[in-house]
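Please arrange chain B on chain A, whose structure you already have, making use of the hints.
Protein chains in written order, with the working numbering: chain A, 5 to 315; chain B, 31 to 292.
The hints are simulated quantities; they were obtained by calculation from the structure and are not laboratory data. All C-beta atoms, glycine included, are put in the ideal place defined by N, C-alpha and C. Accuracy of the hints is not assured; some may be wrong.
Taking beta-carbon pairs under 10 Å as the criterion, some of the chain B residues facing chain A (in silico) [what the hints assert, rightly or not]:
hint, residue
1, Leu38
2, Glu129
3, Leu137
4, Ile143
5, Ala147
Label-pair ranges, simulated between beta-carbon atoms [said to hold, decoys possible]:
hint, chain 1, residue 1, chain 2, residue 2, range
6, A, Asn43, B, Val244, 46 to 56 Å
7, A, Met7, B, Trp146, 28 to 38 Å
8, A, Thr180, B, Ser169, 50 to 60 Å
9, B, Leu267, A, Arg134, 42 to 52 Å
10, A, Arg114, B, Ile262, 42 to 52 Å
11, B, Trp146, A, Glu112, 17 to 27 Å
12, A, Arg114, B, Gly242, 55 to 65 Å
13, B, Phe275, A, Glu131, 42 to 52 Å
14, A, Ser118, B, Ile262, 43 to 53 Å
15, B, Thr264, A, Lys142, 55 to 65 Å
16, A, Ser118, B, Arg42, 15 to 25 Å
17, B, Leu225, A, Ser188, 49 to 59 Å
18, B, Pro52, A, Glu131, 26 to 36 Å
19, A, Lys142, B, Trp146, 30 to 40 Å
Here's a subset of chain A near chain B, in silico, CB distances under 7 Å, partners left out [to be verified]:
hint, residue
20, Gly56
21, Ser59
22, Leu77
23, Arg80
24, Ala81
25, Tyr85
26, Asp95
27, Gly110
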Amino acid sequence: MEMMIETRDLTKFYGPHLAINSLNFQVAAGEIVGFLGPNGAGKTTTLKILAGYLSPTAGTARLNGFDVVGESLKVRASLGYLPESVSIYPDLTVTQFLQFAARAKGVEARREASEIGRVTEACGLMEVRRTMVAALSKGYRQRLGLAQALVKSPPLLILDEPTIGLDPSQIVEIRTLIKNLEGSHTVMLSSHILPEVSQLCHRVIIINKGQIVASDTPENLSRQMGHGARVRMAVRGPAEEIIAALSRVTGVTQARSQGDGSFLVEAAAGQDLRPGLARIVVEKGWDLLELKVHEFSLEDVFLNLVTEEES
Amino acid sequence: MKSLNGCLALLRKEMTVYFATPIFYITGFCFLVLAGYFFYTNVLYYSVISFQAAQQAANPQVAAQLNPHYLIYRPLFAVLAIVLMFLVPLLTMRLLAEEKRAGTAELLFTYPITDWAVILGKYLAAFLVYLIFLTFTLSYSLALNFVTRLDWGAVGAGYLGLVLLGASALALGLFASSLTENQVVAGVVGFALLLLFWIIGWLQEVGGGGVGKVLQYLSLLDHYDNFTKGVIDTRDLGYCLSFIFFFLFLTKRQLESRRWRA
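So here's chain A without its partners, still in its complex pose (with noise of 0.2 Å):
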């Protein structure tokens, strides 16, 4: 299968400070990978590295098959990058700065035009198209720093929060987009929204405090990391009775109330609790409303990992 992105023991300082630690991860062409991790994880460094921004104090890093400091150039060809928080020259138009973004990247003279239209299409810029980028809305400069990361289209895309500050109709719209470029492009996204790389990303990777502490596709992260079953269920009933009722049922580890006779019942994983939770209710007379096996989401998964780190 071929990379398009490898690292090997990537490192990071800043002074004394360890943004990144010994990096090794590999993203095969047409992939579409999650970085995840909190606030000073090294997310935005390493993705700034991959970029050809900054330079690695140790490691190598290898984009399209280029190394990122020894063939820069070659590999800022390869790819189409949005940073954190896009900085576009506030004197210029909408078309002028892609217009701008297309020269830079060597778009023929002759084939400018077509790129600029299909990107500002694509991107649902066309309505602001001669619009200065000083008077546009956050989500079209978000837009709009999406729109020239698409010009050429790069095989890589290196995006980091593509959709920060977009509102909800705007994030669906670019996570299609991003959803659609799926096997014709490699894409590299950091994102907070979980759910989001859950729906857009085939792998997911997660740093925390510079170092990788998972990497897989978030089912398997789901599956793994899900530390055991659990059922939601909706009691009409005494509380304290039916947790102390619940609590006996076989295999259940804990049972804990939600509040407005919500209850969630966890145990050890591979069992399903459903027949037997069902059967102690009905047994004491009380109404069963709703029962519901509990997914473990990327967002546990996530929690899970960072607090285990922290710990």
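Below, chain B without anything else, positioned relative to chain A:
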């Protein structure tokens, strides 16, 4: 070829920004008002002297001084050089400092453009703006040409001096802009460095001997003075071109260090 494309992309972008911001119009207006004022007063002075000489029935000593180049252009070129010291930092202070302050540098330096293309694109844009200002002043000479005979060779040498002096100052200003992310600091540092290279020749009397000669050679003023006399010397040309390359090279090193220091 790719570097040239990147350089031209930057040049066009910078020119668009210059024309969209007030700095071009304000500096241009001030420069042309001052240049026009000094040219007008010099011409007035020249006409008064000419009138007096005509009344003194061709006094040979006065007649020898009645050269428009010496009475109009040399003082004009001298004063324009002073104006230029104030003007150039205003043109260059934004170029790299603002990229860093606004954060646009992050996008710029992740485009497939070499550092040299970035430097040359920005430098050439500032140089073009400067040439536009100078071109407007040519209209004074064209008007004067109708009423008196001009030594166009000497005037041309003076303009070449102004072009080279401006180009040198712009290279120094660009370097000052690469040192900081604050435009005002970039402007002040640029002005201070320019002033230093302007007056460094004055120290030759203090230094004396070999040191004095080196200091005099480093002075922009001394080399510029030859051009204003109508003399084009390859040593002066070499000095200006070396000065430009030296400061553009320092700017390149400064940009390179960013990737490691950040």
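Each hint, compared with the structure:
| no. | hint | result |
| --- | --- | --- |
| 1 | Leu38 | holds (7 Å) |
| 2 | Glu129 | holds (9 Å) |
| 3 | Leu137 | holds (6 Å) |
| 4 | Ile143 | holds (5 Å) |
| 5 | Ala147 | holds (9 Å) |
| 6 | Asn43/A / Val244/B: 46 to 56 Å | holds (55 Å) |
| 7 | Met7/A / Trp146/B: 28 to 38 Å | holds (31 Å) |
| 8 | Thr180/A / Ser169/B: 50 to 60 Å | holds (58 Å) |
| 9 | Leu267/B / Arg134/A: 42 to 52 Å | holds (46 Å) |
| 10 | Arg114/A / Ile262/B: 42 to 52 Å | holds (44 Å) |
| 11 | Trp146/B / Glu112/A: 17 to 27 Å | holds (22 Å) |
| 12 | Arg114/A / Gly242/B: 55 to 65 Å | holds (60 Å) |
| 13 | Phe275/B / Glu131/A: 42 to 52 Å | holds (47 Å) |
| 14 | Ser118/A / Ile262/B: 43 to 53 Å | holds (50 Å) |
| 15 | Thr264/B / Lys142/A: 55 to 65 Å | holds (57 Å) |
| 16 | Ser118/A / Arg42/B: 15 to 25 Å | holds (19 Å) |
| 17 | Leu225/B / Ser188/A: 49 to 59 Å | holds (57 Å) |
| 18 | Pro52/B / Glu131/A: 26 to 36 Å | holds (28 Å) |
| 19 | Lys142/A / Trp146/B: 30 to 40 Å | holds (34 Å) |
| 20 | Gly56 | holds (6 Å) |
| 21 | Ser59 | holds (4 Å) |
| 22 | Leu77 | holds (5 Å) |
| 23 | Arg80 | holds (4 Å) |
| 24 | Ala81 | holds (4 Å) |
| 25 | Tyr85 | holds (5 Å) |
| 26 | Asp95 | holds (4 Å) |
| 27 | Gly110 | holds (6 Å) |
Checked against the numbered hints above, the structure breaks none of them.
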